[in-house]
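K.L.:
The chain contents come next:
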Amino acid sequence: MEYKYIGKDAKRPSAVERITGKAIFVDDIRLPGMLYAKILYPKYAHAKILSIDTSEAEKMPGVVKVVTGKNIKHPFGDCLHDRLPMAVDKVRYIGEPVAAVIADTERHARAALSKIKVEYEPLPVYTDALDAMKKDAVLIHEHSEKYFYVTPLYKPTPGTNIAITYEIKKGDVKKGFEEADVVVEDEFNFHHMSSVAIEPHATIALHHLDGTVEIWTANVGPFAVREQVAEFFGKNISDVRVHIPHIGGCFGYKSDPGIEPLVAYIASFVPGRPVKLRLTRKEDFTSTFIGRGIRARVKVGATKDGKLTALEETLYLSTGAYADTGSNILIVAVQTSGGVYYFPNAHVKGYSVYTNTPPVGALRAYGHPEAEFAIERIMDMLARKLDMSPIELRKKNYITDGKTNVVGEKFKKSDGDLFKCTESVLEAIPPKVEVKEDENYLYGVGYAGLIKAPKAATFASKGCHIKFNVDGTVSLNMAGGDVGQGLWTVARQIAAEALKMPPEKIKVYNEIDTQYSPWEWQTVGSMFTFQGGNAIIRAANKAIDALKRNASLVLKRDPDMLEYDGEYVYDRSYPDVKVAVKDICRGYVTEDGTTIGEVVDVTSYFRLPGVQGPDPETGMGRTGGSYTMGFQGCKVKIDRRTGKVYIDHFATSIDVGKVIFPKGAEAQVLGGVLMGIGETLMEEVRFKENGEIANPDLIRYKLPRIEDLPGKQTVKFIETPDAVGPFGARGLGEHPMIGVAPAILNAIYDAIGYDFKEVPVTQDMVKKVLEEKGLTVKDKEE
Amino acid sequence: MQSITVTINGEKKEIYFEGGETLLDVLRDNLYLTGTKYGCGQGACGACTVVVNGEAVKSCMVLFRRLEGAEILTIEGLSKNGELHPIQKAFIDADAVHCGFCTPGIIMELYALFTKNPDASEEEIKKALNKHLCRCTGYLPLIEAAKIAQKYYKESIGKEV
Numbered sequence: 007m008e009y010k011y012i013g014k015d016a017k018r019p020s021a022v023e024r025i026t027g028k029a030i031f032v033d034d035i036r037l038p039g040m041l042y043a044k045i046l047y048p049k050y051a052h053a054k055i056l057s058i059d060t061s062e063a064e065k066m067p068g069v070v071k072v073v074t075g076k077n078i079k080h081p082f083g084d085c086l087h088d089r090l091p092m093a094v095d096k097v098r099y100i101g102e103p104v105a106a107v108i109a110d111t112e113r114h115a116r117a118a119l120s121k122i123k124v125e126y127e128p129l130p131v132y133t134d135a136l137d138a139m140k141k142d143a144v145l146i147h148e149h150s151e152k153y154f155y156v157t158p159l160y161k162p163t164p165g166t167n168i169a170i171t172y173e174i175k176k177g178d179v180k181k182g183f184e185e186a187d188v189v190v191e192d193e194f195n196f197h198h199m200s201s202v203a204i205e206p207h208a209t210i211a212l213h214h215l216d217g218t219v220e221i222w223t224a225n226v227g228p229f230a231v232r233e234q235v236a237e238f239f240g241k242n243i244s245d246v247r248v249h250i251p252h253i254g255g256c257f258g259y260k261s262d263p264g265i266e267p268l269v270a271y272i273a274s275f276v277p278g279r280p281v282k283l284r285l286t287r288k289e290d291f292t293s294t295f296i297g298r299g300i301r302a303r304v305k306v307g308a309t310k311d312g313k314l315t316a317l318e319e320t321l322y323l324s325t326g327a328y329a330d331t332g333s334n335i336l337i338v339a340v341q342t343s344g345g346v347y348y349f350p351n352a353h354v355k356g357y358s359v360y361t362n363t364p365p366v367g368a369l370r371a372y373g374h375p376e377a378e379f380a381i382e383r384i385m386d387m388l389a390r391k392l393d394m395s396p397i398e399l400r401k402k403n404y405i406t407d408g409k410t411n412v413v414g415e416k417f418k419k420s421d422g423d424l425f426k427c428t429e430s431v432l433e434a435i436p437p438k439v440e441v442k443e444d445e446n447y448l449y450g451v452g453y454a455g456l457i458k459a460p461k462a463a464t465f466a467s468k469g470c471h472i473k474f475n476v477d478g479t480v481s482l483n484m485a486g487g488d489v490g491q492g493l494w495t496v497a498r499q500i501a502a503e504a505l506k507m508p509p510e511k512i513k514v515y516n517e518i519d520t521q522y523s524p525w526e527w528q529t530v531g532s533m534f535t536f537q538g539g540n541a542i543i544r545a546a547n548k549a550i551d552a553l554k555r556n557a558s559l560v561l562k563r564d565p566d567m568l569e570y571d572g573e574y575v576y577d578r579s580y581p582d583v584k585v586a587v588k589d590i591c592r593g594y595v596t597e598d599g600t601t602i603g604e605v606v607d608v609t610s611y612f613r614l615p616g617v618q619g620p621d622p623e624t625g626m627g628r629t630g631g632s633y634t635m636g637f638q639g640c641k642v643k644i645d646r647r648t649g650k651v652y653i654d655h656f657a658t659s660i661d662v663g664k665v666i667f668p669k670g671a672e673a674q675v676l677g678g679v680l681m682g683i684g685e686t687l688m689e690e691v692r693f694k695e696n697g698e699i700a701n702p703d704l705i706r707y708k709l710p711r712i713e714d715l716p717g718k719q720t721v722k723f724i725e726t727p728d729a730v731g732p733f734g735a736r737g738l739g740e741h742p743m744i745g746v747a748p749a750i751l752n753a754i755y756d757a758i759g760y761d762f763k764e765v766p767v768t769q770d771m772v773k774k775v776l777e778e779k780g781l782t783v784k785d786k787e788e
Numbered sequence: 622m623q624s625i626t627v628t629i630n631g632e633k634k635e636i637y638f639e640g641g642e643t644l645l646d647v648l649r650d651n652l653y654l655t656g657t658k659y660g661c662g663q664g665a666c667g668a669c670t671v672v673v674n675g676e677a678v679k680s681c682m683v684l685f686r687r688l689e690g691a692e693i694l695t696i697e698g699l700s701k702n703g704e705l706h707p708i709q710k711a712f713i714d715a716d717a718v719h720c721g722f723c724t725p726g727i728i729m730e731l732y733a734l735f736t737k738n739p740d741a742s743e744e745e746i747k748k749a750l751n752k753h754l755c756r757c758t759g760y761l762p763l764i765e766a767a768k769i770a771q772k773y774y775k776e777s778i779g780k781e782v
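Protein chains in written order, with my numbering: chain V, 7 to 788; chain P, 622 to 782.
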């Protein structure tokens with residue numbers, strides 16, 4: 007089908023604002039009478055608070071109020087209500103707020119922090135789930151039995167540090183392993199990392215004297231922020247209003263309510279005064295959500311001709327001090343444990359375990375890179391044991407038409423063509439390395455499949471509000487956060503296509519306000535194009551229907567005899583019988599001024615059809631709803647002197663159904679792959695034994711720079727139209743990260759014959775292996 | 622309070638400040654020139670880059686009191702008479718403006734580079750961009766934008782009003 011506006015490059019509607027320094031981000035906002043907060047953090051990552059003395063701090067210049075957690079009545083959350091905005095009687099991680107100073111300037115607030123005296127009784131610190139699960143481990147939450155949970159899926163195990171347990175059972179695993187000729191078993195570990203948007207978190211909160219609350223923040227879940235803040239204060243949801251200005255990158259950690267409840271709590275002590283909290287980069291590492299942190303013990307069985315028979319796996323998420331925001335990460339990881347492969351039998355169990363680190367929250371593609379790292383690494387190990395090519399083994403076991411994943415969801419042809427993805431990557435990076443080694447380098451290639459569903463709440467929806475203006479132009483309002491992925495551009499393109507008018511006639515919103523924007527669950531899960539796009543199409547159709555009803559009154563034709571072309575509504579058999587859209591979009595003013603018809607102003611919503619919560623007994627069910635699949639490969643060269651891993655070529659092919667915004671789609675892959683390279687080779691939030699973070703800054707926490715780019719990158723899109731997606735499109739934003747780590751580690755094995763089972767794999771780790779294996783070369787003597 | 626005189630975006634100003642502020646603090650908090658961004662406070666991310674006396678500097682690392690008489694250019698001073706600067710135009714044409722948080726710093730870096738050396742090599746461009754962190758683009762769109770920016774900039778030399 008020929009499209010006029012989608013599939014073609016477009017100018018981003020926000021570009022001029024963002025390029026001239028005029029785009030307003032939270033920290034750029036100053037409100038009249040605004041006060042500033044600074045936060046006191048604990049000396050220990052796990053300790054009882056014996057006393058807090060704020061009297062000296064209160065006397066400091068400029069100080070308006072010193073706030074502690076003693077007024078907090080109950081915890082809050084989404085799935086498991088175990089979170090606190092500020093510590094009450096104990097601290098559970100090193101970045102947990104213990105007290106806050108509100109002052110006229112940030113400088114005064116900071117100066118007063120050192121005058122707050124806190125006495126602690128230190129407790130043992132756990133940063134790894136396996137330690138926190140030990141029988142004699144001290145409890146991080148002593149009374150988890152008291153926490154509210156929305157469904158039994160999120161029920162903690164009192165008397166232990168286990169927050170969430172989730173299990174799936176498919177077929178008969180015992181029988182599956184009996185049928186296997188070969189069994190491979192191993193353990194993999196994905197360390198913690200940080201989303202590190204270049205814009206650190208900042209929030210302003212204002213409790214009005216009429217009892218309403220207003221919040222300005224950088225978050226892609228404004229309605230979730232509103233609901234949780236309202237619930238925390240016992241207010242009507244309608245009395246909390248959240249504004250979202252421009253967001254300087256998200257990558258996960260700005261999608262759940264983060265510092266917003268904290269700032270709202272602090273600001274409640276100074277009603278009538280807005281309070282701003284802007285985090286330093288260090289605080290952004292220590293006091294917001296971190297990501298990943300999953301260990302996986304995996305066992306797979308296969309027949310000698312390479313047919314998978316069984317998967318048995320246990321996953322451990324070190325979820326940090328509060329489990330609410332990590333609970334779905336564990337569940338998703340369990341549900342994704344089979345990757346792109348068909349296992350007739352599977353038994354997978356996962357534990358989310360309290361530890362003394364910042365809480366784990368969303369990070370691009372959460373749950374998927376962790377689980378698929380394990381399965382894609384073990385597929386290579388299995389291929390070796392079977393003496394089979396890893397590509398052949400993969401292709402033999404792909405989830406194809408009619409097959410089911412580990413939670414029993416049946417795949418259809420319209421879910422994508424994994425074989426085409428594989429072929430196009432192999433064309434770019436053939437499996438055979440011409441030169442395996444030379445004087446300076448060792449070379450290898452590696453591959454991995456990838457798959458991801460939105461994995462959102464079953465009721466997750468997106469809305470679109472279309473308002474026709476009297477000149478025939480359109481104002482389009484939605485609540486999707488454009489965090490750089492370009493969704494405002496995509497929204498405008500889809501609206502242009504659906505409304506049959508040039509994008510220039512459609513003004514897309516550039517801020518979100520829960521008072522005016524249509525409800526949206528959260529801009530997460532790479533769902534915007536899919537759900538938001540369908541909401542746009544529904545709203546456009548509703549508007550076109552209304553225009554036809556109005557035209558019907560004017561042209562004296564039944565509405566279904568009329569056509570719409572973006573500018574006119576006309577009789578399909580006599581196109582000359584027509585009326586301009588601009589003349590009927592607010593009703594039609596007849597000659598004597600009498601006005602007939604309706605105002606064309608519509609809102610529509612869309613949610614994934616038929617998505618279920620998992621079955622309480624088996625953990626199975628249609629929990630994904632819409633999947634995007636792909637394949638990635640890379641060629642590495644490893645410096646024999648230094649152990650440095652260079653990515654010579656990285657190739658990605660994803661079946662996106664339909665590309666809407668080509669440059670945007672390609673950049674999502676480029677950015678996602680580079681973030682994947684970061685988490686594979688350099689990025690790790692490193693914890694000391696006492697729970698402190700060893701590298702909470704951008705000097706010691708290494709983010710990929712230009713010098714870390716692959717020598718070459720190939721990006722290919724396959725377009726097998728989706729049965730439900732708008733114009734056949736599927737989600738894409740997070741997917742490019744998923745196969746990067748296993749593809750690189752598989753390539754490293756190919757180069758040096760060593761199986762790394764954790765990421766990141768640092769230069770020092772590789773160098774050590776090269777030395778042990780005698781693969782290094784000594785510098786030539788001059 | 623103390624004061625120094627500097628030229629900011631072409632306007633000569635006497636600016637009062639406490640004493641220990643960085644250039645970034647003064648730009649954002651005193652002058653409300655919020656196009657310059659705080660990303661790390663350690664000179665690692667480049668989001669706060671502005672041009673001082675023709676050189677790209679990380680404004681979070683410069684004490685304001687050392688800038689007496691300096692000429693400072695920020696992103697707000699780049700477009701003139703409602704016209705985007707050629708470098709800004711290039712970023713739009715190359716679709717290199719994603720979340721837009723690191724972009725002002727990168728544009729100021731390139732402005733300093735090209736005004737000093739319009740014929741900068743690709744290696745020199747990459748070296749300049751390597752001082753900046755961007756989490757969105759994967760950098761290739763930025764490199765592409767920089768090359769187009771160089772072309773537009775060279776075309777614009779001598780045409781300025």
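Note that these hints are calculated values from the structure, not bench results. Errors might be hidden in some of the hints.
Claimed, not checked - Straight line, CA to CA, 25 Å or less: simulated DSS-like cross-link-like pairs of lysine-lysine:
no., chain 1, residue 1, chain 2, residue 2
1, V, K288, V, K121
2, V, K650, V, K426
3, V, K718, P, K633
4, P, K752, V, K14
5, V, K513, P, K633
6, V, K17, P, K775
7, P, K752, V, K650
8, V, K718, P, K737
9, V, K14, P, K748
10, P, K710, V, K650
11, P, K768, V, K779
12, P, K748, V, K722
13, V, K17, P, K634
14, V, K562, V, K511
15, V, K152, V, K121
16, P, K634, V, K28
17, V, K17, V, K49
To be verified - Pair by pair, the computed Cβ-Cβ distance ranges are:
no., chain 1, residue 1, chain 2, residue 2, range
18, P, K701, V, D477, 42 to 52 Å
19, P, Y653, V, F154, 51 to 61 Å
20, V, K513, P, K701, 22 to 32 Å
21, V, F154, P, G640, 44 to 54 Å
To be verified - Stretch-level coverage of chain P by chain V, calculated; a stretch enters the list once three of its residues show a Cβ under 8 Å from a Cβ in chain V:
no., region
22, 626-635
23, 653-664
24, 672-683
25, 687-697
26, 735-747
27, 773-780
Ideal Cβ placement from N, Cα and C applies to all residues, glycine included.
K.L.:
Does the hinted range 22 to 32 Å hold for K513 (chain V) and K701 (chain P) at CB?
P.N.:
holds (26 Å)
K.L.:
Count the residues of the region 773-780 of chain P whose Cβ falls closer than 8 Å to any Cβ of chain V, and tell me whether that reaches three.
P.N.:
violated (count 0)
K.L.:
Holds or violated: the 44 to 54 Å window for the beta-carbon distance between F154 (chain V) and G640 (chain P)?
P.N.:
holds (51 Å)
K.L.:
Is it true that the CA of K752 (chain P) sits at most 25 Å from the CA of K14 (chain V)?
P.N.:
Answer violated: K752 (chain P) to K14 (chain V) is near 33 Å, above 25 Å.
K.L.:
Has the given pair, K14 (chain V) with K748 (chain P), been kept, meaning a C-alpha gap of at most 25 Å?
P.N.:
At roughly 32 Å apart (the allowed maximum being 25 Å), K748 (chain P) and K14 (chain V) break the hint.
K.L.:
Mind checking the alpha carbons of K288 (chain V) and K121 (chain V) for me, to see if they're no more than 25 Å apart?
P.N.:
holds (21 Å)
K.L.:
Within the assertion that chain V covers the region 653-664 of chain P, do at least three residues meet a Cβ-to-Cβ distance smaller than 8 Å?
P.N.:
n = 11 at 8 Å, threshold three: holds.
K.L.:
CA of K562 (chain V) to CA of K511 (chain V), is that 25 Å or under?
P.N.:
violated (28 Å)
K.L.:
Given as covered by chain V, does the region 626-635 of chain P meet the bar of three residues or more with CB within less than 8 Å?
P.N.:
violated (count 0)
K.L.:
Next pair to validate is K718 (chain V) with K633 (chain P); report whether the Cα-Cα distance is within 25 Å.
P.N.:
With a Cα-Cα distance of about 47 Å, the restraint between K718 (chain V) and K633 (chain P) is violated, given a limit of 25 Å.
K.L.:
Is the straight-line distance between the alpha-carbon of K17 (chain V) and that of K775 (chain P) 25 Å or less?
P.N.:
Roughly 24 Å separates the two Cα atoms, so the pair holds.
K.L.:
Would you say the region 687-697 of chain P counts as covered by chain V, given the rule of at least 3 residues with C-beta under 8 Å?
P.N.:
holds (count 3)
Violated hints, listed in ascending order, are 2, 3, 4, 5, 8, 9, 10, 11, 12, 13, 14, 15, 17, 18, 19, 22, 24, 26 and 27; each of the other numbered hints is respected by the structure.
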